[in-house]
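> The lines below spell out each chain.
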Amino acid sequence: MKPKTLQSLSRWLGILSILLAIPLWYLVVQISGLPKFILPSPVDVWTRFLKALQDGSLLYHAGITLVEILLGLVAGVSFATIVGYAVAKSRPLEIALSPYLVASQAIPIVAIAPLLVIWLGDGILSKLVICALIVFFPVLVNTVVGVRAVPPALYDLMRSLRATRWQILFKLELPASLPVLLGGLRIGATLSVIGAIVGELVDAEQGLGFLLQLGDFQYDTSMVFVAVFMLIALALSLYGVVTLLEKKFLKWQK
Amino acid sequence: MTIKPILSVKNLSVTFPDNNGGLDALGELSFEIRPREFICFLGPSGSGKTTLLRALAGLVQPSTGSVNFMYHHHEPKIGMVFQQSNLMPWRTVMENIQLSMELDGAGEVKAQNKAREMVKLMGLKGFENSFPRDLSGGMAQRVAIARALIHDPDLLLLDEPFASLDALTRERMWTELSNIWQEKKKTVVMVTHSINESLFLADRVMVLTKRPGRIKMDVEVDLPRPRPDDIRYTSHFGKLAKKLRAAIE
Ligand SMILES: Nc1ncnc2c1ncn2[C@@H]1O[C@H](COP(=O)(O)OP(=O)(O)OP(=O)(O)O)[C@@H](O)[C@H]1O
Ligand SMILES: [Mg+2]
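Read top to bottom, the protein sequences are chains A and B. Under this note's numbering, think of the first position of the first sequence as 1, with each following residue one higher. Under this note's numbering, think of the first position of the second sequence as 1001, with each following residue one higher.
Fair warning: there could be bad hints in the mix.
Unchecked claim - Below 27 Å or equal to it, Euclidean Cα-Cα: the simulated BS3-like pairs (lysine-lysine) are:
#, chain 1, residue 1, chain 2, residue 2
1, B, Lys1110, B, Lys1125
2, B, Lys1125, A, Lys171
3, B, Lys1216, A, Lys171
4, B, Lys1216, B, Lys1010
5, A, Lys251, B, Lys1114
6, A, Lys254, B, Lys1125
7, B, Lys1239, B, Lys1010
8, B, Lys1004, B, Lys1210
9, B, Lys1210, B, Lys1184
10, B, Lys1210, B, Lys1120
11, B, Lys1120, B, Lys1216
12, A, Lys251, B, Lys1110
13, A, Lys251, B, Lys1184
14, B, Lys1120, B, Lys1004
15, A, Lys171, B, Lys1114
16, A, Lys171, B, Lys1077
17, A, Lys248, B, Lys1125
18, B, Lys1125, B, Lys1185
19, B, Lys1125, B, Lys1004
20, B, Lys1004, A, Lys251
21, B, Lys1239, B, Lys1077
22, B, Lys1125, B, Lys1210
23, B, Lys1120, B, Lys1110
24, B, Lys1077, B, Lys1210
25, B, Lys1004, B, Lys1185
26, B, Lys1114, B, Lys1210
27, A, Lys171, B, Lys1010
28, A, Lys36, A, Lys89
What the hints assert, rightly or not - Computed from the model, here is a short list of chain B residues facing chain A with C-beta under 8 Å:
#, residue
29, Phe1031
30, Ile1078
31, Met1080
32, Phe1082
33, Ser1100
34, Ala1106
35, Val1109
36, Arg1133
37, Leu1135
38, Ile1248
To be clear, the hints were calculated from the coordinates, so they are not data collected in a lab. Every residue, glycine too, gets a C-beta built ideally from N, C-alpha and C.
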């Protein structure tokens, strides 16, 4: 079989397995007879989804969460890339910063999320910061790895052509480390969704985490499901965007 | 007749730091290069040939001595071909060739026209938009040569540029390089392992000793130009080759 057909076949198989899960879920609900507030059926969830869509609440809260995720991601990635570049280039800086970096990695974000909410309020800002923090470390590590992996011989080439610092940055270091940088972004994108939700679950007046908790308090379990699926959709879309970026910028890799 | 040199190397030595007192790659060598001269360096592996080229290109600092260019107005432009082709894998053939013009801030149209010229000269037609991963070793090396030539460098530094080519292509490249050199009148310093190659191309061949490299022999190649393929069967060629072979440890 040609690899192309194999690829599309495996994609269809994936979709098929998801489609099969829905009747299975329906069956489990029917057979077990569990009440709706414990395990709603797919039909319940779908109906709740349409309702939340119509009254605008779903898109509103999803929009808030998306804004938190994107701003947090941009802040975390920018900061991590700049610090990562500096660390990769300067051994003393690496030594000076590494205790903080290791410590920041050892503190579970869930444990300091309440603190951040106390300090920064229950609005978007605290969630954005939590997102940025959770994204920071993996992106930083990837930046350091990526910049250190630039072939020394290519530095020689650039220097033999008397390239400036900026030319070396933009025409060598950036493109050479782009595959690893995008790998970091991929991890960061997934983590930032978690960051936003952790923040919202601590305390929030809006966002999908708020919606989720509201559903929980009101025994509106269908709403909880809708929120969870919406989160999955957000995470997958972000993942998809990174994949598109890789397709566009890494054509040269196979 | 004495022509003023454009490059003079005095007591150059390069020592790399290591765990026991430093590794001497080059030991105190001195020579001068006249404008438009084609120089070949021969020498056993590890004798510091690559290090010498890197020192000429300003990529390693001399531990003692100096490398001086006799230019009054500008820093010499350098074109360097490395032992491995050293292309940027994310750039196409055209983009790789254009690199130095891009760094010099030349306009895109100008750079592209120049690059197309080089593509033709190096026999790379049809591969303009290929990425390095799709090139054979020999083609990649030709791209590297094109890249080194495109910005009309004052000094061309070649580190075993043809080592990865098959015998036929290599000999074709000798002719090409010889033509380019005669046409553009560049100063060329080339490192090679091949005595034949050095005798086909060079005005002067210098042989380095084992590490730390010093100049063991400095031979003028007084063969007439152009040098046809069968020049290797002449007795003078044979005599020079024998002399060089004896000098290489
Ligand atoms: N950056 C470096 N750091 C430490 N040692 C080095 C470095 N570059 C070269 N050397 C050492 O210097 C010596 C000379 O190396 P060089 O590459 O100049 O030799 P070469 O004549 O080009 O050899 P070859 O013919 O195999 O290419 C070698 O022993 C090498 O290990
Ligand atoms: Mg070498």
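> Please go over all the hints and tell whether each is borne out by the structure.
Against the structure, the hints:
no., hint, in the structure
1, B:Lys1110 with B:Lys1125, "holds, 18 Å"
2, B:Lys1125 with A:Lys171, "holds, 25 Å"
3, B:Lys1216 with A:Lys171, "violated, 41 Å"
4, B:Lys1216 with B:Lys1010, "holds, 15 Å"
5, A:Lys251 with B:Lys1114, "holds, 25 Å"
6, A:Lys254 with B:Lys1125, "holds, 23 Å"
7, B:Lys1239 with B:Lys1010, "violated, 30 Å"
8, B:Lys1004 with B:Lys1210, "violated, 30 Å"
9, B:Lys1210 with B:Lys1184, "violated, 34 Å"
10, B:Lys1210 with B:Lys1120, "violated, 40 Å"
11, B:Lys1120 with B:Lys1216, "violated, 40 Å"
12, A:Lys251 with B:Lys1110, "holds, 26 Å"
13, A:Lys251 with B:Lys1184, "violated, 37 Å"
14, B:Lys1120 with B:Lys1004, "violated, 35 Å"
15, A:Lys171 with B:Lys1114, "holds, 20 Å"
16, A:Lys171 with B:Lys1077, "holds, 19 Å"
17, A:Lys248 with B:Lys1125, "holds, 26 Å"
18, B:Lys1125 with B:Lys1185, "holds, 25 Å"
19, B:Lys1125 with B:Lys1004, "violated, 40 Å"
20, B:Lys1004 with A:Lys251, "violated, 50 Å"
21, B:Lys1239 with B:Lys1077, "violated, 36 Å"
22, B:Lys1125 with B:Lys1210, "violated, 41 Å"
23, B:Lys1120 with B:Lys1110, "holds, 16 Å"
24, B:Lys1077 with B:Lys1210, "violated, 30 Å"
25, B:Lys1004 with B:Lys1185, "holds, 16 Å"
26, B:Lys1114 with B:Lys1210, "violated, 41 Å"
27, A:Lys171 with B:Lys1010, "violated, 35 Å"
28, A:Lys36 with A:Lys89, "violated, 58 Å"
29, Phe1031, "violated, 20 Å"
30, Ile1078, "holds, 5 Å"
31, Met1080, "holds, 4 Å"
32, Phe1082, "holds, 6 Å"
33, Ser1100, "holds, 5 Å"
34, Ala1106, "violated, 12 Å"
35, Val1109, "violated, 19 Å"
36, Arg1133, "holds, 7 Å"
37, Leu1135, "violated, 12 Å"
38, Ile1248, "violated, 26 Å"
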